[in-house]
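Dock the two chains into a complex; use the hints.
So the sequences go chain by chain: F and S.
So in numbering that gives the first Met the number 0, spot 56 of the first sequence is number 55, and the numbers just go up one at a time.
So in numbering that gives the first Met the number 0, spot 100 of the second sequence is number 99, and the numbers just go up one at a time.
Among the hints, a few may not be true.
[To be verified] Below, a sample of chain S positions facing chain F; criterion: calculated Cβ distance under 7 angstroms: (1) 29; (2) 57; (3) 81; (4) 87; (5) 88; (6) 91; (7) 120.
Hints listed in this document are in silico derivations from the structure and should not be mistaken for laboratory results.
Only a predicted model underlies this, so the values are computations on that prediction, with no experimental measurement involved.
For each residue, glycine too, the CB sits at the ideal point set by N, CA and C.
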Amino acid sequence: MSNELDQLAGIAAEADTAAAPPELTPDGQPVQPAAAIDYATEAAAAVDMFAGLVTGYAPATVELWDASTRARVSLALAPVLEKYGVSVGAMPPELLLIVTAGPLLYQTSKLVAAQMHAQKAKAPAADTAAPPAGPAESPGPQIHPQVALYPVK
Amino acid sequence: MSKHRASIVAVMGASGSGKSLFIKAELRRTKPRRLVVWDPLGEYAEFGAAVRTLGELLAAARAPTFRRVFHPSGDPEQARKQFDVLCRIVFAAGDCTLVAEELAFVTSPSYAPPGWSECTLKGRHRALRIYGASQRPASIDKHFFGNATLIRTGRLNFARDIKTLADVLQVPAGQVQSLAPLQWIARDMATGKIATGTEKIPGK
Chain F
0 MSNELDQLAG
10 IAAEADTAAA
20 PPELTPDGQP
30 VQPAAAIDYA
40 TEAAAAVDMF
50 AGLVTGYAPA
60 TVELWDASTR
70 ARVSLALAPV
80 LEKYGVSVGA
90 MPPELLLIVT
100 AGPLLYQTSK
110 LVAAQMHAQK
120 AKAPAADTAA
130 PPAGPAESPG
140 PQIHPQVALY
150 PVK
Chain S
0 MSKHRASIVA
10 VMGASGSGKS
20 LFIKAELRRT
30 KPRRLVVWDP
40 LGEYAEFGAA
50 VRTLGELLAA
60 ARAPTFRRVF
70 HPSGDPEQAR
80 KQFDVLCRIV
90 FAAGDCTLVA
100 EELAFVTSPS
110 YAPPGWSECT
120 LKGRHRALRI
130 YGASQRPASI
140 DKHFFGNATL
150 IRTGRLNFAR
160 DIKTLADVLQ
170 VPAGQVQSLA
180 PLQWIARDMA
190 TGKIATGTEK
200 IPGK
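This is chain S alone, in the form it adopts within the complex (with noise of 0.2 angstroms):
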């Protein structure tokens, strides 16, 4: 048995439903001594370094103590490689948190790279902590939800994203249809125990 408790949290919602906001607000709350973070869209500038090869990120991923933000190629073809690469970083460095945002770039459901199946299903046994974000749940690697020790979801446009969350989470339908912008529904996959909520918008 490893003496880490998993941590990954699958953070799902359509854009403007509050998905950075609460890993953003994770982030200053835990502070992170090693940090990685895939930043597709350049979100996460306070957070740490840009770096924009994977050379630098794994001289960084040496040192005891980094926080390193990735802005990958435009390319998908490309991303999809760095983010495989990435996450084989993460996993061979341990002991790091890991954001993983706009997970539909980069996994399908029947298909994660490995080094990001790696990190979802051993990286407990590293220390690895994990929030993984998309807008597109249906449209993500779906063992990703079944390794999550956290699912959390905001509003969502598509009926297809919304059945997959109803399942995932057990709850009817018509609950995670009605979220309005920034509510949450949030189920811990360990006890079964549902919460809800409102984001909050810092300094509001």
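Here chain F stands alone, though its shape is the one from the complex (with noise of 0.2 angstroms):
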């Protein structure tokens, strides 16, 4: 055995020479290499941020994507996925940002345009219930002071 391990040196030392040290955290630990694709997590994640966006601009359709069809259609996304090596997790940001936070905020600028349509809406019953007030008194005739000296005759 041991003259079979002598055997070895030489393609240890060679696989050695050639391997990059491996990568370690600050605390000794080898650095983890990028795990696989988890593509059933991706599809739920891919079907939950569609669900998402559909709901959000029509909730009407919120029953239509309830959790068993969305758990269905992630299943059958997920070796899609696979085959055509499509990763949410490696969407730009700016693209995940819009649509995660788009609908939200569709949604939100509808409310605050209801909100400020039901302001309007009060205001003109206000003004019938107490008008605004005019000036007290009217003012008199302006008659400049150097004009006053010469009295009309």
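Right, here's the structure in full:
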């Protein structure tokens, strides 16, 4: 056995020379390689994102995209993502932000617009109830002090 | 005939399915005197001294007793070469337990490094006890299943992996698909006996 181990010294040294030393974390543990993409999780995230997008713009579709539908679609989507190597995590962050926050902003703007509209609708009623008070008395004719020195005959 | 009985255990399952729990429990139970762990994810620090070069491993393998945990290169191509040489060292050393984690990083359905093939094909004659683990059984060396003495799977995520394991275990795919986290099915390849159970988390 020792002889066999001796014979491996050459290829062991060769492999050590070729291999870059593993990156270490500050506590001396090896930096973990990028984990294999979990396409089931990716699919679930993609479906959740899409459902959030759709239900955000059209809240009436919430019932359509219930948990069991999402799970069913995710199961069908996972092999497709795997086939084409598509990863939600690889999406540009700007696009991710737009897709996530877009429906929220849209619904928020609709709510704000509705509130402003309601406030405007209330305003005329308030005007009739209490019309703005006019000036207490009309100002008299304005006479310049110098003109006042010369009484009108 | 070899006087040794082969011990090659294939441990499959998605992340969080209990693969490492099982292997660690086995190592705690059997307390191997001579142990080499291929540990790309840094999970086995408690089982031996960390080594980062094959030279260090080669030196250690000359001793009657050694336990080493090898951390491979982050470069996939280099890691495959390192895995080949590591397996050759284990085979040459003999009388050793080898744990190979994340086989899909270093083998494929159509390729196994020669050192790994040597260990799984002829390891019995060198009194090797082998644990090979992977999250993606459909993506690893197919011959490994043919040489395994015990095949065990936990929950799997992908249809292709579920089908592969159902075929290997000779159980309905639905039985593999319905496994919850930490549940497992195992087949003793010598007797064909199927066992099922739930992995226990230490201390719970």
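Consistency of the hints with the structure:
{"no.": "1", "hint": "29", "result": "22 angstroms, violated"}
{"no.": "2", "hint": "57", "result": "5 angstroms, holds"}
{"no.": "3", "hint": "81", "result": "5 angstroms, holds"}
{"no.": "4", "hint": "87", "result": "6 angstroms, holds"}
{"no.": "5", "hint": "88", "result": "6 angstroms, holds"}
{"no.": "6", "hint": "91", "result": "4 angstroms, holds"}
{"no.": "7", "hint": "120", "result": "16 angstroms, violated"}
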